[in-house]
Amino acid sequence: MFKKVLVANRGEIAVRILRACHERGLATVAVYSEADRTALHVRSADEAYYIGPAPSRESYLRIDKIIDVAKKTKATAIHPGYGFLAENAGFARACAEAGLVFIGPPPEAMVAMGDKVIARQTVKAAGVPVVPGTEEGISDEQALGAANKIGFPLLIKAAAGGGGKGMRVVRDPDELPRSLGAARREAMGAFGDDRIYLEKLVENARHIEFQILADSQGNTIHLGERECSIQRRHQKLIEEAPSVALNEELRLKMGELAVKAAQAVGYVNAGTIEFLLDQNNNFYFLEMNTRLQVEHPVTEMVTGIDIVKEQLRIAAGRKLRYTQEDVKINGHAIECRITSEDPFNNFLPSSGRVTALTDPTGPGVRVESGVYEGMEVSLYYDPLLAKLLVWGETRAEAILRMRRALNEYRIIGVHTSIPIQFQIMNSPSFIGGQFDTTFLEKRFTPSSIGDGQYMHLAAVVAAMLFHERRQHATTRIMTTASQGPSPWKIAGRRGAMR
Amino acid sequence: MRYHTDLCEQTFAVDIGPDGDVKIGDTPYMADLRSIDGKALYSVLLNDRSYEVTVEPGEGGLYNIFIEGELYSVTVLDELHKRLQRIESRAHGPTGEIPVKAPMPGLVVAVPVEVGTVVKAGQPVVILEAMKMENEIRAPRAGTVKTIKVTKGQAVNKDEALIILE
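So the protein sequences, as listed, match chains A and B. Adding 223 to a residue's 1-based position in the first sequence gives its number in my numbering. Adding 250 to a residue's 1-based position in the second sequence gives its number in my numbering.
Derived from the structure by calculation, the hints contain no laboratory data. Treat the hints with care, as some may be off.
With the Cβ distance kept under 8 Å, some of the chain A side facing chain B (calculated, not the full set) [unchecked claim]:
#1 G368
#2 F567
#3 V683
All of these numbers come straight from a predicted model, not from anything done at the bench. Note that the Cβ used here is the ideal one computed from N, Cα and C, for glycine as well.
Take these sequences, add in the hints, and give me the full structure.
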């Protein structure tokens, strides 16, 4: 086994990987950009090296610099996390050429799954159903022609894509030219590649994915499914396992096909097979994510398997410690992705200093966080601040626990997604398991004030703060006043003595 | 002391007494408000019920109050300003120029309007890229584009005026 691991990522996932390494007694190396000198991953690693300015293409995407750091520090393996270079076959090859172990799949498997056309052909040949669509890299004229054949609504997707970037839903043929432009620009900005392709939009579908683990000796298993239908602009907001939509029979069938899809490209290490599941239990292969997923802890909580540690073992050439029969789903887990976005203002990204932070704790709660009190949240990177996970014996217990934990979470200084996730936990369709990927658009209206039960409380708080501020303004000359207890404390004490 | 609080399209008169006794209209409350972090987080005991709220003060007596996944935007006015406001709103209708500001720093990737374009409320007027996502900046209300202050490819700061509507 290698002795020292370089983590080529930042934020909560870098911290997650560092923890797994430290638990296995491995030395760790972090890399950081100008914006991240005091980030949590730098503080958590044994060593940390500067690799460039804040924009990711000048730092976290610089293959040459990252490999230089690995050589300099004598790290023998690199974990790419998710995003950045995680699905870049060129990076995996560069690692191999430099004699470094890339903790992920072989570059050939990455290429086969990264090219959506090859991926579809390969898994189709293995007997896995796929969604109708076009080749990638088509011109706008070809897209306009193909769109009529596929039919509306359809999806424009970035060939190099993932994570919803460069993706657009088109319902009306007239919208197609404008959406093509937007998708290409976004894809160019995110991946440096503006090739796109079209795909039929399977309506009222759920997004169900299977976690795969495969070793280099040909053993491939799945760790059950994750339900990831609660999405906004194709960015997942809430994930859970198991899915209420699957019965044992369907789980068995989808799981077997997921394993076949992974085997079809000679997959090794952790990966995820994504399916769309319609209301009639038809399912289609969507794509394979050839990396560790953001939501992997959901599976860890219901299976008890530490996926990152398994990745390290697999990369070291060890055999899987589990057979398919060993994998048992116990209880229910839910994850909320806590992002720095303002749900009351069209989810606009929010930046600033985190002036106060209290993570939820208590039974069944897990927080995977990249923030700390005093940290500056910049706009350079993904808005994911942290992941809040809960486990419960049943789905109902997990939902109640998530409500409780969200209510304990205090992140002051930036706007976060917490209010909307709290509201979703109270939504009858979510509680009833009645939802699909259009839930946030169609069945759920984020409401700033709900039923307005706290109107009086809000009015009182605002009036008292306004009053206090005015009193301060008019009595500023009496400087001693600010050193004594606040008038409200005195008032409260007096009130309590009545 | 009497204040007028506007929230959820309603106005509540709030009387603040000297001892933490507060009245909303005719409903009396005992209120005890304590700062937890010296900035934004408060513990409130309202008639002995315990709440925790986060407060974000804005301009002109605006307080954004976050309570259990809900956001209450409350504007507080004292008696004098309330009266001034009534006189003003009678004198002028809701007209004039409105700047559309950047809600965050970012890169302008497109400006889908021109000077003179008549826009509806909610119509996208600038596409701003931040955090690798394109964000549509929309017109806060209907109007005509009077000035465009940014061009494609330009980096803008938070609160920078992008477009002036009239």
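Do the hints match the structure? See the list:
1. A least Cβ separation of about 25 Å between G368/A and chain B goes past the 8 Å threshold, and the interface hint is therefore violated.
2. Look at F567/A: its Cβ gets to within about 5 Å of chain B, closer than 8 Å, so that hint holds up.
3. With 8 Å as the threshold, the beta carbon of V683/A comes within range of chain B, its nearest partner Cβ sitting at about 5 Å, so the hint holds.
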